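S.K.: Counting from 20, one number per residue, gives the positions in the sequence shown under the numbering used here.
These are calculated hints, taken from the structure and not from any lab test.
Hints are not guaranteed to be accurate.
Unchecked claim - List of simulated lysine to any residue pairs, SDA-like, C-alpha gap at most 25 Å: (1) Lys-191 to Lys-110; (2) Lys-191 to Arg-60; (3) Lys-191 to His-236; (4) Lys-191 to Ala-149; (5) Lys-110 to Arg-60; (6) Lys-145 to Arg-60.
Please read these numbers as outputs of a predicted model, since none were measured by experiment.
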Amino acid sequence: MNLQDKVAVVTGASSGLGRVFSQMLVERGARVFGLARRQERLEAVREALGERFHPVVCDVTDEAAVARAFETIRREGGRLDVLINNAGLGKFGPVDRLSVEDWDVQVATNLRGVFLCTRAAVPVMKQQNAETGFGGHIVNIASIAGLIGNPNISAYNATKFGLRGFSEALMKELRDDGIKVSCVYPGSIATEFFQTSGSNPAPNAMTAEDVGRTVMHLLETPDNYLISEVVMRPLRPRG
């Protein structure tokens, strides 16, 4: 896909990977609707990236808020070519000390949020496919924790394993509608994620820019060429 003048939605756009995805899309000429809960952070991204970035305050776990956000995107953007389901969080710890609230917020953000945004985007992409022969591209940001279970991250594992299954089923469901679905599984990345997860990144973690360049490559592949899964890790995580 040539990203010039395409319309993209990035969830969790106010920091970390989401901000980097937004920046790289804007640099390629796309219009980006960035979803996040924190308005002041979204406004800071807008100031940095310019008029091609459109802040949309939205809690992706809230069905009504997602519906309103995607109605705004349809009205102002006129189309929808890319959805990057990036919003996610982790709350790590032993299962017998994990609170129900920490379980619920991970399931709500990492799975329910992806479902709500995808459900809102797909009808627009299907209509585009009917009109032009290509619908768009959905990229789900999972984690290496969607492939490998490890102690003290059982809830996070469950959500990312779930996202893997959702993505594979979605890919098979939507490919005949001209909609690509890719799921990426990054290892340790140096972002704010670890400030709230209760864990520390590897000393020599990947950068958000490393992951961003790979996601841009996925989006810029020819329309009939689909990379459905990508695993990425730091080569020497401990330096």
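S.K.: Does the structure keep Lys-191 and His-236 at a Cα separation of 25 Å or less?
M.R.: Distance ~21 Å between Lys-191 and His-236 Cα, so the pair holds.
S.K.: For the pair supplied as a hint, Lys-145 and Arg-60, is the alpha-carbon distance within the 25 Å limit?
M.R.: violated (32 Å)
S.K.: Regarding the pair Lys-191 and Arg-60, is the alpha-carbon distance no greater than 25 Å?
M.R.: violated (36 Å)
S.K.: Sort out whether Lys-110 lies within 25 Å of Lys-191, counting only the CA atoms.
M.R.: Cα-Cα ~31 Å, so violated.
S.K.: Need the status of pair Lys-191, Ala-149: alpha-carbon distance at most 25 Å?
M.R.: Holds. Lys-191 to Ala-149 sits at ~18 Å (cutoff 25 Å).
S.K.: Are the Cα atoms of Lys-110 and Arg-60 separated by 25 Å or less?
M.R.: holds (22 Å)
Violation of the numbered hints given earlier is confined to hints 1, 2, 6; the remaining hints are satisfied by the structure.
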